[in-house]
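Enquirer: Use these hints to put chain R onto chain X, whose structure you have.
Protein chains: 2
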Amino acid sequence: MIKVNENFLKLKSSYLFSEIAKRVKKFQEQNPNVSIIKMGIGDVTLPLPPACIKAMHCAIDEMADTSTFKGYGPEQGYLFLREKIAKFDFQKNNIDIEPDEIFISDGAKCDTGNFQELFSQTIKVAVPDPVYPVYVDTNVMAGRTGEFKNGQYKNLFYLSSTKQNNYLPDLPNQKVDLIYLCFPNNPTGATIDRNTLQKWVDFALENKALILFDAAYEAFIQEPNIPHSIFEIPNAKKVAVEFRSFSKTAGFTGTRCAFTVVPKECVAYTENGKPVSLHSLWLRRQSTKFNGVSYPVQRAAEAVYSPEGKTEVKQNITYYLNNAKLIKNTIQNLGFHCVGGENSPYIWIECKQNSWDFFDFLLEKAGIVCTPGEGFGKCGEGYIRLSAFNSKENVEEAMQRIKNIL
Amino acid sequence: MIKVNENFLKLKSSYLFSEIAKRVKKFQEQNPNVSIIKMGIGDVTLPLPPACIKAMHCAIDEMADTSTFKGYGPEQGYLFLREKIAKFDFQKNNIDIEPDEIFISDGAKCDTGNFQELFSQTIKVAVPDPVYPVYVDTNVMAGRTGEFKNGQYKNLFYLSSTKQNNYLPDLPNQKVDLIYLCFPNNPTGATIDRNTLQKWVDFALENKALILFDAAYEAFIQEPNIPHSIFEIPNAKKVAVEFRSFSKTAGFTGTRCAFTVVPKECVAYTENGKPVSLHSLWLRRQSTKFNGVSYPVQRAAEAVYSPEGKTEVKQNITYYLNNAKLIKNTIQNLGFHCVGGENSPYIWIECKQNSWDFFDFLLEKAGIVCTPGEGFGKCGEGYIRLSAFNSKENVEEAMQRIKNIL
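Chains as they are written, first to last, in full-length UniProt numbering: chain X, 1 to 406; chain R, 1 to 406.
Any given hint could be a false lead.
Which copy is meant is left open, because identical chains are indistinguishable; a pair holds if it fits in one copy or across any two.
[To be verified] EDC-like, lysine to aspartate or glutamate: derived pairs with alpha carbons at most 20 Å apart:
no., residue 1, residue 2
1, Lys10, Glu117
2, Lys38, Asp65
3, Lys264, Glu6
4, Lys274, Glu147
5, Lys314, Asp65
6, Lys208, Glu6
7, Lys54, Asp65
8, Lys392, Asp357
9, Lys199, Glu147
10, Lys87, Glu117
11, Lys54, Asp43
12, Lys25, Asp100
13, Lys264, Glu98
14, Lys392, Asp65
15, Lys38, Asp193
16, Lys149, Asp360
17, Lys310, Asp65
18, Lys10, Glu271
19, Lys403, Asp43
20, Lys22, Asp100
Derived by calculation from the structure, the hints in this document are not laboratory data.
Extracted from the complex, chain X is given alone in its bound form:
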């Protein structure tokens, strides 16, 4: 008898964004004349940078000619892209990352979801709360948790990020083996300074733990004391893996390209304490289960690092950050407490009521879609997330509507 992986049955019945989509659909059907402004899911709205468009057209023309056609590429990604990343995202900032430590993929969601496959089922996993649901759900599917009860899964260690700790979780008061960190944070928009991040690296070194550092929002960082990479921290290469994405940086949410940095010196251990290279394991995982990213897409990603690409990306980031500023100012002037929005496209707002109720309130009274904090975990209850990924006009209209109802 073919038996299911019953861990899947522990998952909460619906994935956050599907639930939001369902409620929005229902509302729109009942109110066809309301022009809904979606400030929920963090999806970009500006078109791809012209440099990327140009590079993609060129690459497609290559695919049209036998002499330049590209079949299977390297599973790890083309060297032309990995070299640009190593140079401009790391070496330029005096971070010693080599091209062969970089793995190109079709999304940070996939990579943060798949990376846990490399580890034993018995490890203790620490996740932020509120959390990007992928970190949790993929560990549930893998069987590392117990049942879901009172907003949390048994056996996971939750790193509470609250108003009290300024949305920077305390170090675990017990041994944990795998630690997910995300800065600038999704969903809160909070950032971490170098000294605090150093404490996490030290914790990992002391406990032979591993940090999975999600830096998908790195491009939004404006302040100089905020690290762009965990590898700015001394010795982090021994105990950290970093995930980055072109999705939010350059508008690739529908184009699909991301990368993961697995330093050669980063290890995990066998039961007997023998170190095993995570770089080798991830390479084996990727070459077995993945076939590389579409060639034209990798060429588009490469163009992000061209002089034109850099300028265009910067303009887009500035555009979104101006939206974020407007949202933050409006919300704060209405007397709400919030965080994020300065080095992040997200603003995390204390709504002083049940977050799904506030979600329904904003949808029904103002036609605005937010993301209810409860969907990100127990500590998200009482909060909502607003996203700056929208047109300036929509954000202005949304803020006007919010001022009218609050």
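Expert: Coordinates of chain R only, in the frame set by chain X:
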């Protein structure tokens, strides 16, 4: 302490195609003047069909404009593509598959690799021998096998495909729960007729087993008695999932698009025997760990179903099949036994010696790269695979070189 998934350590040290690449690289370095003809890895050589190129250019222009820009698409794939697939690949042939039973992905390798995540660790898995290594390696990683010994992993059930059984494995003589079948077969090129496939479906129905049917080479089928889809077989929808790909059909190996059909009535069971919809589980898996295929790539795949696309794809398939015919005739005239090559781009050749030795012989004496059968499993020992994915000129040259040395 962060502990590794020790199942990874059971994997044979190198993945087949990496080992081939290593040997070829070494030979080329030592013999820089030899023009190597690669007939090993099954990678297409003809450019993308013009219809696909055109569609991709259009889609990229959409990505350049705010009003037509596409961000996150549906994880299951765009409806425009799923509708075309349902209509032209299934409904046109009187197979009742609906668009919402189709899941678009970036590769059949990923899907055949990932699908096993839906099942319990305790299931008994049957794999062909010789086998596409992904079926085996992903189950090793998941912990469903013992150690590798004498060319096989403990606990796997191997479906021997040999000269004796005409490369069509016998039904298992014991209970198995998950059965991988691949027709037209990779690596042998053998095909299965409807009556024989019916026996497998009946076996699955009787034993509450599930068939994962890999039909990546379906487009090469020329003879009318060979099923293009397992869903041509009555009741197969209850016990089968089918994998297809644009890679070999339309030259998408570097462009990346594939799909998986999970019928709504297909189930697996809990320990207590309660049926669970695999469609729901796969949707949950994909929406958690995957973010959909690049929009321009999905538009390119859609163009495969346009009148121009169909004609162009057919021309490419004919081109490769003509190569296959030439290879098969040459090899048979030299007195070798072989199979495949008529409804498949692969020719499976009995070499009457160790297959890696014959690999080295062809490489060193003729500058030809084949795939040694041993890399596909114990039953592959004594065989090599030649691929018809090459230019006519290269295939002619390769056959001349082979005639000279054999």
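Enquirer: Determine for every hint whether it applies to the structure shown.
Expert: Structure-based check of each hint:
1. Lys10 with Glu117: Classified as both: same-chain Cα gap 18 Å, cross-chain 15 Å, threshold 20 Å.
2. Lys38 with Asp65: For Lys38 and Asp65, the Cα distance is within 20 Å only across copies (19 Å; inside one copy 42 Å).
3. Lys264 with Glu6: Close across copies (19 Å), not inside one copy (35 Å); limit 20 Å.
4. Lys274 with Glu147: Close across copies (19 Å), not inside one copy (32 Å); limit 20 Å.
5. Lys314 with Asp65: Intra 34 Å, inter 18 Å, cutoff 20 Å: inter-copy only.
6. Lys208 with Glu6: between (30 Å within a copy, 17 Å between copies)
7. Lys54 with Asp65: For Lys54 and Asp65, the Cα distance is within 20 Å both inside one copy (18 Å) and across copies (13 Å).
8. Lys392 with Asp357: For Lys392 and Asp357, the Cα distance exceeds 20 Å both inside one copy (27 Å) and across copies (66 Å).
9. Lys199 with Glu147: So Lys199 and Glu147 fail the 20 Å test inside a copy (31 Å) and across (41 Å) alike.
10. Lys87 with Glu117: Classified as neither: same-chain Cα gap 29 Å, cross-chain 37 Å, threshold 20 Å.
11. Lys54 with Asp43: neither (22 Å within a copy, 27 Å between copies)
12. Lys25 with Asp100: between (45 Å within a copy, 18 Å between copies)
13. Lys264 with Glu98: within (9 Å within a copy, 46 Å between copies)
14. Lys392 with Asp65: Between copies only: 16 Å across chains, 42 Å inside a chain, cut-off 20 Å.
15. Lys38 with Asp193: neither (31 Å within a copy, 52 Å between copies)
16. Lys149 with Asp360: Neither, since 24 Å and 60 Å both go past 20 Å.
17. Lys310 with Asp65: The answer is between: 19 Å across copies meets 20 Å, while 30 Å in one copy does not.
18. Lys10 with Glu271: between (27 Å within a copy, 14 Å between copies)
19. Lys403 with Asp43: neither (24 Å within a copy, 59 Å between copies)
20. Lys22 with Asp100: The answer is between: 17 Å across copies meets 20 Å, while 42 Å in one copy does not.
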